[in-house]
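Peer 1: The primary structure of each chain is shown beneath.
There are 2 protein chains.
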Amino acid sequence: MARNVDKSSVPAVTVPRLALYLRKLRELKAQGTARISSQHLAELIDLNPAQIRKDFSYFGEFGTRGVGYEVQRLEEEIAKCLGLWRSWSVIILGAGKLGRALVQYRGFAEYQFNVVGVFDNSEHVIGANYGAGRVRSVAELEEFCAQQPVDIAMITVPAAVAEETIDKAVAAGVRAVLNFAPVKVHVPADVVIRQVDLSSELMFLSFYLDRERE
Amino acid sequence: MARNVDKSSVPAVTVPRLALYLRKLRELKAQGTARISSQHLAELIDLNPAQIRKDFSYFGEFGTRGVGYEVQRLEEEIAKCLGLWRSWSVIILGAGKLGRALVQYRGFAEYQFNVVGVFDNSEHVIGANYGAGRVRSVAELEEFCAQQPVDIAMITVPAAVAEETIDKAVAAGVRAVLNFAPVKVHVPADVVIRQVDLSSELMFLSFYLDRERE
Numbered sequence: 001m002a003r004n005v006d007k008s009s010v011p012a013v014t015v016p017r018l019a020l021y022l023r024k025l026r027e028l029k030a031q032g033t034a035r036i037s038s039q040h041l042a043e044l045i046d047l048n049p050a051q052i053r054k055d056f057s058y059f060g061e062f063g064t065r066g067v068g069y070e071v072q073r074l075e076e077e078i079a080k081c082l083g084l085w086r087s088w089s090v091i092i093l094g095a096g097k098l099g100r101a102l103v104q105y106r107g108f109a110e111y112q113f114n115v116v117g118v119f120d121n122s123e124h125v126i127g128a129n130y131g132a133g134r135v136r137s138v139a140e141l142e143e144f145c146a147q148q149p150v151d152i153a154m155i156t157v158p159a160a161v162a163e164e165t166i167d168k169a170v171a172a173g174v175r176a177v178l179n180f181a182p183v184k185v186h187v188p189a190d191v192v193i194r195q196v197d198l199s200s201e202l203m204f205l206s207f208y209l210d211r212e213r214e
Numbered sequence: 001m002a003r004n005v006d007k008s009s010v011p012a013v014t015v016p017r018l019a020l021y022l023r024k025l026r027e028l029k030a031q032g033t034a035r036i037s038s039q040h041l042a043e044l045i046d047l048n049p050a051q052i053r054k055d056f057s058y059f060g061e062f063g064t065r066g067v068g069y070e071v072q073r074l075e076e077e078i079a080k081c082l083g084l085w086r087s088w089s090v091i092i093l094g095a096g097k098l099g100r101a102l103v104q105y106r107g108f109a110e111y112q113f114n115v116v117g118v119f120d121n122s123e124h125v126i127g128a129n130y131g132a133g134r135v136r137s138v139a140e141l142e143e144f145c146a147q148q149p150v151d152i153a154m155i156t157v158p159a160a161v162a163e164e165t166i167d168k169a170v171a172a173g174v175r176a177v178l179n180f181a182p183v184k185v186h187v188p189a190d191v192v193i194r195q196v197d198l199s200s201e202l203m204f205l206s207f208y209l210d211r212e213r214e
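Sequence lines, in order, name chains A and B.
Okay, so the first sequence: first residue is 1 according to my numbering, each after it adds one.
Okay, so the second sequence: first residue is 1 according to my numbering, each after it adds one.
Calculated from the structure, these hints are not laboratory results.
Just so you know, these numbers come straight off a predicted model, no measurement behind them.
Idealized CB from N, CA, C, for every residue including glycine.
It cannot be assumed that every hint is accurate.
[What the hints assert, rightly or not] Chain A is nowhere near these chain B residues, computed Cβ spacing over 12 Å in every case:
hint, residue
1, VAL67
2, GLU142
3, GLN147
4, ARG175
5, ASN179
6, HIS186
7, ASP190
[To be verified] Quick list of in silico lysine to any residue cross-link-like pairs, SDA-like style, CA-CA up to 25 Å:
hint, chain 1, residue 1, chain 2, residue 2
8, B, LYS80, A, TYR105
9, B, LYS184, A, GLU27
10, A, LYS184, B, ARG73
11, A, LYS168, B, LYS80
12, A, LYS80, A, LYS97
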């Protein structure tokens with residue numbers, strides 16, 4: 001069914017909204033809601049109904065005017081489009097505080113993102129177990145990835161070693177990176193990278209707080 | 001000096017780029033670089049030079065054609081614009097794994113975001129110290145905020161209680177929220193909220209991984 005959606009037509013800015021829709025549709029399904037209008041959904045997630053209709057148009061025309069969208073069908077189509085019809089293997093590179101917190105973050109497994117390995121360079125943490133097996137040395141990364149498929153690497157090492165760590169993951173065959181280190185890293189064109197920059201999020205807030213007080 | 005920049009003219013989509021520029025300019029300053037062209041900066045941070053020139057135009061005309069921008073002056077102007085001329089007090093609501101990891105995340109203090117308090121509802125963690133004083137009960141939040149200014153609340157409670165927790169922070173006078181709970185929460189118009197949605201970031205990656213394999 002996902003094959004019906006031409007994913008190359010879905011713009012990158014739309015993808016985070018798909019994740020938002022998916023979460024809300026799952027909630028509605030769990031509550032027993034069978035259909036929802038773009039208007040009602042827009043109120044629930046604070047978006048423009050026209051935007052929602054445009055985004056849903058990628059999934060074909062199974063919304064009916066005055067009746068709304070079928071919640072379950074739409075939820076299934078979006079999940080497939082996001083690649084959630086299968087599970088994905090995730091490794092965490094950097095077993096510091098943030099890395100350890102992420103190992104057991106429940107929100108990942110809920111969508112079948114499974115942490116299969118944790119790696120670090122420090123002898124202080126190699127061998128310890130924070131929830132996804134013992135922490136391995138980064139030197140074992142290539143062998144590990146050769147033995148089992150790894151889809152995504154989450155980078156929680158210090159900024160100074162983020163680039164070399166990402167290079168190692170890419171060399172080992174990883175094709176998707178979620179970088180928590182506050183440094184922009186170049187990757188080959190066939191690798192997709194997203195950055196979670198927590199300080200930058202705080203600066204967004206301080207920008208507005210400071211503006212209000214002017 | 002920051003008063004010279006009309007912050008209301010800076011669009012929201014520009015603000016995260018300002019944070020990116022700031023980080024790179026600080027790096028360049030530390031390396032002793034006095035001037036940089038938009039072209040060179042564009043290469044360093046993988047953006048379009050025209051975009052950079054447009055963004056910098058908010059800070060007045062102190063780039064000179066063929067000579068480039070003054071690194072230190074630009075860095076200072078951007079920092080001021082982002083509200084970083086002062087420090088900001090941050091509280092963390094939710095002392096679970098993620099909350100504890102954030103307490104000691106070094107990237108925050110670097111920009112003078114100071115964690116001044118950690119709150120939780122669970123008796124198992126109230127009283128424990130993960131790095132910013134003992135964990136307080138959420139019931140103490142209002143009194144705490146009355147006694148010292150709190151600018152920003154980071155929300156690391158479970159999704160099911162995120163809304164009520166944010167409501168409590170807002171009622172206590174907090175005007176900026178960084179929400180890590182995977183749920184969209186409505187706040188009053190005078191409160192600024194940003195969401196860090198880790199599952200959604202992973203779905204962005206799985207979308208592209210899945211597309212490649214089609």
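Peer 1: Go through the numbered hints given earlier and state which of them the structure violates, listing their numbers in rising order.
Peer 2: Structure breaks hints 4, 5, 6, 7, 8, 11, 12.
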